[in-house]
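Chemist: The chain contents come next:
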Amino acid sequence: MAFPHRPDAPELPDFSMLKRLARDQLIYLLEQQHEVDKLYKVENKPALSSNEQLCFLVRPRIKNMRYIANLVNADKLAGRTRKYKVIFSPQKFYACEMVLEEEGIYGDVSCDEWAFSLLPLDVDLLSMELPEFFRDYFLEGDQRWINTVAQALHLLSTLYGSFPNCYGIGRCAKMSYELWRKLEEEEDGETKGRRPEIGHIFLLDRDVDFVTALCSQVVYEGLVDDTFRIKCGSVDFGPEVTSSDKSLKVLLNAEDKVFNEIRNEHFSNVFGFLSQKARNLQAQYDRRRGMDIKQMKNFVSQELKGLKQEHRLLSLHIGACESIMKKKTKQDFQELIKTEHALLEGFNIRESTSYIEEHIDRQVSPIESLRLMCLLSITENGLIPKDYRSLKTQYLQSYGPDHLLTFSNLRRAGLLTEQAPGDTLTAVESKVSKLVTDKAAGKITDAFSSLAKRSNFRAISKKLNLIPRVDGEYDLKVPRDMAYVFSGAYVPLSCRIVEQVLERRSWQGLDEVVRLLNCSEFAFTDMTKDDKASSESLRLILVVFLGGCTFSEVSALRFLGREKGYRFIFLTTAVTNSARLMEAMSEVKA
Amino acid sequence: MDCYTANWNPLGDSAFYRKYELYSMDWDLKEELRDCLVAAAPYGGPIALLRNPWRKEKTASMRPVLDIYSASGMPLASLLWKSGPVVSLGWSAEEELLCVQEDGAVLVYGLHGDFRRHFSMGNEVLQNRVLDARIFHTEFGSGVAILTGAHRFTLSANVGDLKLRRMPEVPGLQSAPSCWTTLCQDRVAQILLAVGPDLYLLDHAACSAVTPPGLAPGVSSFLQMAVSFTYRHLALFTDTGYIWMGTASLKEKLCEFNCNIRAPPKQMVWCSRPRSKERAVVVAWERRLMVVGDAPESIQYKQLTIQVLLDRLVLRRLYPLAIQICEYLRLPEVQGVSRILAHWACYKVQQKDVSDEDVARAINQKLGDTPGVSYSDIAARAYGCGRTELAIKLLEYEPRSGEQVPLLLKMKRSKLALSKAIESGDTDLVFTVLLHLKNELNRGDFFMTLRNQPMALSLYRQFCKHQELETLKDLYNQDDNHQELGSFHIRASYAAEERIEGRVAALQTAADAFYKAKNEFAAKATEDQMRLLRLQRRLEDELGGQFLDLSLHDTATTLILGGHNKRAEQLARDFRIPDKRLWWLKLTALADLEDWEELEKFSKSKKSPIGYLPFVEICMKQHNKYEAKKYASRVGPEQKVKALLLVGDVAQAADVAIEHRNEAELSLVLSHCTGATDGATADKIQRARAQAQKK
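Here the protein sequences line up with chains R and Y, keeping their order.
At position 157 of the first sequence (counting the first as 1) the number is 157 in UniProt numbering, and the numbers step up by one without a gap.
At position 271 of the second sequence (counting the first as 1) the number is 271 in UniProt numbering, and the numbers step up by one without a gap.
Possibly wrong hints are sitting among the right ones.
[Claimed, not checked] Below 20 Å or equal to it, Euclidean Cα-Cα: the simulated DMTMM-like pairs (lysine to aspartate or glutamate) are:
#, chain 1, residue 1, chain 2, residue 2
1, Y, K621, R, E503
2, R, K386, Y, D579
3, Y, K621, R, D332
4, Y, K642, R, D332
5, Y, K630, Y, E597
6, R, K182, Y, D579
7, Y, K465, R, E536
Just so you know, these hints were derived from the structure itself, not from any lab.
Working from the sequences, and respecting the hints, build out all of it.
Modeler: Printed below as a string of structure tokens:
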């Protein structure tokens with residue numbers, strides 16, 4: 001369990017610096033506004049506070065501006081005068097100011113920015129906590145966050161030195177990279193002298209690999225996220241887990257020793273591990289039976305606290321496991337996983353389609369049904385027209401007609417599409433896709449862009465050997481490759497790409513894969529001949545997921561790191577999973 | 001060698017002085033300085049002379065002449081003064097010449113006599129005329145203080161950021177003060193003035209009488225006052241021939257001196273030598289000079305930094321010399337050479353006799369991509385000189401596209417600005433340009449522009465989605481984007497419309513749009529939804545309860561739960577609910593009602609399209625083993641084992657599995673053999689397995 005790193009594995013950089021920076025800046029901002037004494041969550045209801053001044057710490061969203069405007073205007077109507085201050089994080093957008101102006105309150109509020117864009121969720125995981133990035137960019141084509149990403153990368157290179165080797169794939173990755181480069185050029189001199197701490201950076205767009213993100217997660221941390229939703233690195237365990245009458249908020253990171261040992265494990269191993277752990281713990285408790293007074297004193301003062309802490313964590317995770325098992329067996333989780341694997345491997349398509357249909361008919365879960373439909377579409381290069389229509393019809397009958405909009409979104413994002421009939425169109429398609437990847441791109445209307453986004457999953461899977469050939473049982477206790485995060489059935493595409501590029505130190509030899517990914521124009525390598533990088537730093541790799549990464553991907557790359565003596569660090573716009581992706585595309589009024 | 005001290009003369013009892021010429025003035029003055037207004041800039045800067053300032057004749061020959069010389073008397077500029085009478089001259093810290101006219105207008109000239117701008121000191125000054133004016137320097141910049149004919153003061157502490165302050169009235173002031181000066185205390189500019197035996201301090205809020213500590217008695221009038229360059233020290237000369245020297249805050253006296261000369265001095269100034277702690281006041285009369293000194297503590301200021309020195313060279317257009325100094329001092333490029341080149345370029349664009357191409361090329365050749373040079377600044381200067389085309393050419397050299405945008409907007413090249421903003425990747429900049437364009441162009445042109453810029457279009461769409469829904473619709477209309485128009489109206493049917501008629505109408509519009517978009521599926525689905533809405537309204541009217549906004553599936557379920565089976569079947573027919581779905585939903589609903597009788601009737605109505613295992617499952621979910629068992633017997637062979645296990649009949653399940661000779665089924669049953677009574681069954685399976693292996 002919890003395979004150790006190789007002895008020569010590099011140390012991780014110290015990310016606590018980022019926290020300190022952000023904290024100091026916020027304190028400074030808040031202290032300028034005298035006496036911020038209480039924090040309220042921004043919700044669409046009147047502010048209860050009777051204070052003379054209100055300070056809002058918000059994301060730069062138009063919705064939030066409306067909320068503030070309503071509040072200020074309500075105060076005005078009531079003849080109240082207060083001071084208002086809006087702190088935007090990570091930055092202010094002009095459109096927000098416009099809204100404040102249009103609502104007639106621009107003169108009443110003062111604005112500030114809190115440039116907090118990197119939250120260290122764990123020793124190796126940084127999150128920008130921008131879940132809206134996914135929808136804004138991949139659905140709406142809104143590029144506002146790219147600048148934020150570039151700024152965040154710039155901050156990282158000022159703190160940890162420039163990155164000698166850069167790789168990337170995806171249109172957004174390329175734009176972010178270029179913008180970041182510009183920033184570095186404008187402020188050169190600052191970072192040049194620094195010895196690079198992190199040897200490689202790899203930028204990857206979420207739409208390069210939707211498949212992995214759409215799969216059910218079976219590694220413990222991913223499963224906990226799928227089941228309970230991890231928010232900002234912590235999870236609310238309800239009464240069914242805590243086996244008491246209240247919920248408990250638990251931080252999930254490397255500090256939690258029990259969790260740290262099971263987070264990357266396939267779920268089938270976790271229960272056994274935890275019960276072994278429980279027995280060991282009992283044995284340690286039992287030692288005190290034979291103790292004399294002095295030993296007992298020692299035990300109480302030194303070990304008991306640690307044991308109790310461990311005991312508490314252990315019982316929480318056992319509770320979580322039980323709860324997961326209960327939920328997963330009830331909905332016939334095994335059947336579901338079997339269907340997913342069939343889709344990934346591309347056999348029994350008819351059977352899988354009927355399974356999905358039944359799933360919809362039984363109203364099992366709107367998000368789950370949608371996810372399965374998307375998985376079918378992407379792995380099959382789109383649904384055949386008959387299925388495309390009938391599954392959508394069934395879905396609308398089950399979950400309501402407003403999902404017509406959801407389907408329009410999914411089509412635009414290339415997540416749920418119709419197979420192009422015949423070869424004639426394929427010729428047009430290849431032309432169109434050439435046009436679309438062109439820089440003058442977006443002129444082509446939405447109708448075409450979904451055509452251009454042929455996923456080619458099957459061909460890619462073959463090229464990159466994503467479905468491991470297994471003779472006999474895959475021993476999940478002793479994983480042999482990254483496929484273990486999906487029970488040995490599938491190596492996550494995103495992680496495989498990272499692995500392959502790192503091995504080659506370039507995209508060389510991957511031309512066909514890149515073409516199949518529709519990324520011919522957006523795969524890049526950039527190496528500075530910087531011999532200042534130590535061999536240790538060259539084994540540290542920052543992987544940047546634009547549009548979100550899943551815990552399964554994190555686990556898979558952690559595994560790869562242990563195998564090869566690398567350490568991976570992750571930067572993501574937000575931690576995501578299949579449900580979050582689907583919800584982002586969903587148009588149902590909440 | 002005995003003449004080292006030969007040119008030293010005694011001064012008093014214990015000091016000596018000598019006189020020698022540092023350099024001679026190159027100028028060739030025809031007028032007496034006394035007939036001129038004179039202003040010398042600080043730190044050895046230029047000297048300005050205005051000849052004949054008081055002549056009012058309009059004849060050209062007698063018009064005043066403004067001459068500007070370098071500190072060593074080299075002529076820099078000479079021009080005829082054609083504006084109004086000048087009361088006072090002074091240099092700003094940036095070496096701009098401020099000429100204060102009698103009417104309160106201040107004209108600003110450059111070192112080379114080039115007119116820069118003008119501003120007024122306000123209406124009150126215009127009405128009452130300027131009696132006296134002072135130009136003064138503070139840490140914020142250079143200020144102007146005016147005494148008007150109405151004996152009121154107006155000042156601006158920084159002409160670079162003009163804010164006029166009219167000072168409070170001095171009570172009982174009937175005539176001009178005998179002397180006055182500006183002070184600067186705690187970053188606030190003040191005026192100190194003397195009226196008879198009294199001193200008054202004016203700040204923007206109040207007028208207060210002040211008394212210098214330790215002032216000798218018997219003073220009936222102050223004849224002259226002087227404040228030191230740093231505003232730390234003040235000297236007062238009284239009608240008794242007495243000099244008081246102290247801090248400008250009037251809190252402390254440093255020394256006093258009685259010179260016994262009662263005549264008013266022509267001038268009185270503070271002076272000090274570099275690196276010396278000694279401070280002294282020099283008082284000048286017609287034919288006599290007096291130095292009054294003490295040695296108070298003092299701090300040496302190094303006011304003239306390298307940067308200021310370079311600025312001065314640049315102002316004198318000595319670009320090569322400035323560059324050599326930078327190189328010699330090894331100044332970083334950005335602060336040194338680049339800055340000077342940028343200044344040179346700004347000068348270059350003013351050469352109107354050179355063509356746009358040549359100027360642009362010359363500038364680019366010299367500047368290349370020197371770090372720290374902002375081509376957009378140079379272009380802005382070119383535009384300021386009215387050379388728009390040159391400005392655009394220069395902007396093309398600007399590597400940071402974002403920097404080009406503000407100027408392009410100013411020059412009304414908004415479409416070019418839009419492409420540059422997009423190139424910069426700064427969405428805020430794009431948005432700024434968009435709003436410009438929106439105001440500048442008519443709607444049609446604006447939309448056309450957007451159409452060619454997808455990045456800007458998505459940005460604007462996002463904004464409209466939240467803030468300007470109607471515009472969004474127009475955008476789609478313009479593009480003939482019927483698919484999105486359809487979606488727009490669908491959204492409206494949920495969000496904007498409350499009444500059922502309104503919703504149906506919105507859906508009809510959406511359906512029409514979908515047909516135009518050749519999206520038959522969406523059109524049909526929308527029409528179905530219209531039908532469903534109408535039906536749901538009717539159901540609510542006829543049956544009561546909540547139907548609106550339920551999905552088709554949930555509508556049918558609700559009907560069954562309410563006991564309206566016939567209606568549910570009619571609905572299923574009307575809306576073509578597939579058999580499988582109907583069976584699932586009916587099964588679920590009847591089980592929820594625990595209407596076992598009806599369920600059984602239903603199960604026998606025809607052959608189940610979903611098989612009978614779901615019946616078993618759902619009965620078990622309702623904990624009705626008795627009913628479940630009925631259906632278990634009807635489950636087809638391939639799911640029989642599962643069904644038997646569900647109802648807990650392990651033994652029979654084992655029999656079926658053995659009969660099937662199916663290994664997977666055998667292990668499934670085995671894994672269910674957990675009860676105490678299952679031991680026999682487990683053995684039976686093991687035996688069957690062993691037998692199977694034998695064969």
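Chemist: With reference to the structure, classify each hint as holding or not holding.
Modeler: Each hint, compared with the structure:
Straight-line distance between C-alpha atoms of K621/Y and E503/R comes to about 53 Å, which puts the hinted pair past the 20 Å bound. Using a Cα cut-off of 20 Å, the hinted pair K386/R and D579/Y holds, with the two alpha carbons roughly 18 Å apart. As the CA atoms of K621/Y and D332/R are separated by approximately 14 Å, the hinted pair is consistent with the 20 Å bound. Between the alpha carbons of K642/Y and D332/R the distance comes to roughly 13 Å, so the proposed pair stays at or under 20 Å and holds.
With a CA separation close to 12 Å, the supplied pair K630/Y and E597/Y stays within the 20 Å bound. Between K182/R and D579/Y the alpha-carbon distance is near 61 Å, which puts this suggested pair outside the 20 Å criterion. Proximity of K465/Y to E536/R is assessed by CA-CA distance (about 50 Å); at most 20 Å being required, the pair is judged violated.
Checked against the numbered hints above, the structure violates hints 1, 6 and 7; every other hint is satisfied.
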